[in-house]
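Asks: Sequence lines, in order, name chains A and B. For the first sequence, the UniProt record's numbering begins at 1 and goes up steadily by one. For the second sequence, the UniProt record's numbering begins at 1 and goes up steadily by one.
These are calculated hints, taken from the structure and not from any lab test. Each hint should be verified, as a subset may be incorrect.
[Claimed, not checked] Derived coverage of chain B by chain A (criterion: at least 3 residues anywhere in the stretch with Cβ under 8 Å from a Cβ of chain A; other residues may be distant):
id : region
1  : 45-55
2  : 76-83
3  : 118-132
Ideal Cβ positions, reconstructed from N, Cα and C, are used throughout, including at glycine.
Listed here are the chains, written in short residue letters.
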Amino acid sequence: MFLAWNELKHAKLRYGMMTMIIILIAWLVFILSGLGNGLSTLSAATLKNFDAQYAVYEETAGSKFTKSMLSEELIEEIKQQKGVDNVAAFGSSTISVGKTKSKDAADKEDVALIGLEPDTYIMPKIIEGKSISTANKKGVVINDTLKKAGYKIGDTLLVSNATLELTVVGFVKNETFNHLPSAFVVMDTWRDYQFAAPGSDNGIKKPVQTFFLQGEDLDTASLDHSITGVETVTKKEAINGMPGYTAENGTIMMMLAFCIVISAFIIAVFFYVITMQKTQQFGVMKAIGASNGFIGRAIVSQVILLSVFGIGIGVLLTYVTAMILPENMPFSLDPTLVTIYALVLLVIALLSSIISVRQIVKIDPLTALGRVE
Amino acid sequence: MAVLKLYGISKSYQEGANTVNALQQADLEVQAGELIAIIGPSGSGKSTLLSIAGALLKPSEGQVMINGINLATLTEKELAKFRLREIGFILQTSNLIPYLKIVDQLILVKKMSGKVSKDDRDFASRLLTDLGLADKLKKMPHELSGGERQRVAIARAFMNNSNLILADEPTASLDSKRAIEVVELLSQEAKKRGKAAVMVTHDERMLPLCDHVYRMEDGILTKQS
Numbered sequence: 001m002f003l004a005w006n007e008l009k010h011a012k013l014r015y016g017m018m019t020m021i022i023i024l025i026a027w028l029v030f031i032l033s034g035l036g037n038g039l040s041t042l043s044a045a046t047l048k049n050f051d052a053q054y055a056v057y058e059e060t061a062g063s064k065f066t067k068s069m070l071s072e073e074l075i076e077e078i079k080q081q082k083g084v085d086n087v088a089a090f091g092s093s094t095i096s097v098g099k100t101k102s103k104d105a106a107d108k109e110d111v112a113l114i115g116l117e118p119d120t121y122i123m124p125k126i127i128e129g130k131s132i133s134t135a136n137k138k139g140v141v142i143n144d145t146l147k148k149a150g151y152k153i154g155d156t157l158l159v160s161n162a163t164l165e166l167t168v169v170g171f172v173k174n175e176t177f178n179h180l181p182s183a184f185v186v187m188d189t190w191r192d193y194q195f196a197a198p199g200s201d202n203g204i205k206k207p208v209q210t211f212f213l214q215g216e217d218l219d220t221a222s223l224d225h226s227i228t229g230v231e232t233v234t235k236k237e238a239i240n241g242m243p244g245y246t247a248e249n250g251t252i253m254m255m256l257a258f259c260i261v262i263s264a265f266i267i268a269v270f271f272y273v274i275t276m277q278k279t280q281q282f283g284v285m286k287a288i289g290a291s292n293g294f295i296g297r298a299i300v301s302q303v304i305l306l307s308v309f310g311i312g313i314g315v316l317l318t319y320v321t322a323m324i325l326p327e328n329m330p331f332s333l334d335p336t337l338v339t340i341y342a343l344v345l346l347v348i349a350l351l352s353s354i355i356s357v358r359q360i361v362k363i364d365p366l367t368a369l370g371r372v373e
Numbered sequence: 001m002a003v004l005k006l007y008g009i010s011k012s013y014q015e016g017a018n019t020v021n022a023l024q025q026a027d028l029e030v031q032a033g034e035l036i037a038i039i040g041p042s043g044s045g046k047s048t049l050l051s052i053a054g055a056l057l058k059p060s061e062g063q064v065m066i067n068g069i070n071l072a073t074l075t076e077k078e079l080a081k082f083r084l085r086e087i088g089f090i091l092q093t094s095n096l097i098p099y100l101k102i103v104d105q106l107i108l109v110k111k112m113s114g115k116v117s118k119d120d121r122d123f124a125s126r127l128l129t130d131l132g133l134a135d136k137l138k139k140m141p142h143e144l145s146g147g148e149r150q151r152v153a154i155a156r157a158f159m160n161n162s163n164l165i166l167a168d169e170p171t172a173s174l175d176s177k178r179a180i181e182v183v184e185l186l187s188q189e190a191k192k193r194g195k196a197a198v199m200v201t202h203d204e205r206m207l208p209l210c211d212h213v214y215r216m217e218d219g220i221l222t223k224q225s
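Full structure from sequences and hints, please.
Replies: Set out below in structure tokens:
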């Protein structure tokens, strides 16, 4: 630390530039992670909020809600299965709503209409107003982001291209589905919209799209076997089946991976070059009696100092950025993720300094006895 | 008491198909409190001899004894520790660490072996004061003159209180006035502290200041005075 710190103080410009690079890379990594987190929340927050472990789809649906249709009557049968603690039915559609009959797109909001039974465990917590109930089938609770579009409790929502009219009874928080704010209604109301056209329910009684199951260590194969025409997947697979979810996450993850690999190389090359420049100096220290460990520790502590400082500033800048970004940007910082990426960057920096440390072992103290003869 | 003893030291290098004999059967003994000089033209093998005496290079033949310890019995790792404890090196002028204050140049030597105590700091200041650097403790190497830098290098060599001081061309880039000053200091310190000092030089002006002079020519070491 003694050597490391004194040298940092001495060569401020050189190490300052290096720290700048680490700051910028860390900043980019955290912004990407915020964007990735924001996008995946936007895409599937409602699903993620469900305290469920498994989802049951129609066998041929390939974990896609839109392709799946099951009868709600299956619920009793599923409940009988071993390992199933709780079952809730689920249906979803994309609709446009407006407060007036205007056809102008600016007067309408796209929302994800979610149908569920109000007394089941997947019903989200109401932050304002009251919940939906089978007694008032026209009631809807909507995500609080719609407040900004001017919606409030008591408003009537006219659903475009349908006769359906809904009344806002309450608000929920952080509920988005398919990149749209969620609107929760009772299952019957959702059915009225989704299967308005005669025969569109394929003759299935009380159709729903999916069942969400609570239960630990469920044997999905035996469930699929004992109930005909269903496929059970984990909630994670259900989320991955959301349109665009894996593509979005894949893109962000790829950029993150590249950022981290690039940072590894930059740090490795920088310290390698600096170490090579100081061969003579290290030779002198070795001749005096410094061990490889002594010099190695000096380099590693420099890397730690620069990285911790750089990553720390990067985190600060990211939170500042988060405040400046427009609110409708899908950007959400998860402190756990930020911590994980910070640690990953630090570990990568340390690993890349090993190349320089290895170089020290090779320096011959004899180089110190430079010949002027 | 002889601090450094070299018996029948030979060193040969393989250079292409030829074998170069850098050193042939060199014998040398240095007593505590003595400053000896090894003088000779370029390429005569004096730096090789110093490297061998300083445990930086292994001889092809012969034995090196420092404080009664045979260097051949030590491993690579033990040699680094041994150099740190038993040998003080004075290298050419530019070999201070550029980003450390003068007093820290000496503290560094202590850091290498572990903790630095208050006594160590006092000892460092005292050494530097003895060498006339009392007002330069907090200066950086580039703020010092060549002669001052070399005095710092001498202080650093004495820092670990090792019994053997090896100096490699300590006056190489100094004018004669400063060169004589530096060697006088080296000689005084060696006597005062009872250290054995060996100086490799090609500067004839320094010889009167040394207790013994050896001449090296084509790898053969002969005692002159």
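Asks: Against this structure, judge whether each hint is valid.
Replies: Results for each hint:
Requiring three or more residues with a Cβ within less than 8 Å of a Cβ of chain A, the coverage given for the region 45-55 of chain B holds, as 4 such residues are present. With 5 residues carrying a beta carbon less than 8 Å from a beta carbon of chain A, the region 76-83 of chain B meets the three-residue requirement, and the given coverage holds. Requiring three or more residues with a Cβ within less than 8 Å of a Cβ of chain A, the coverage given for the region 118-132 of chain B is violated, as only 0 such residues are present.
Hint 3 from the earlier list is the only one contradicted by this structure; the remaining hints agree with it.
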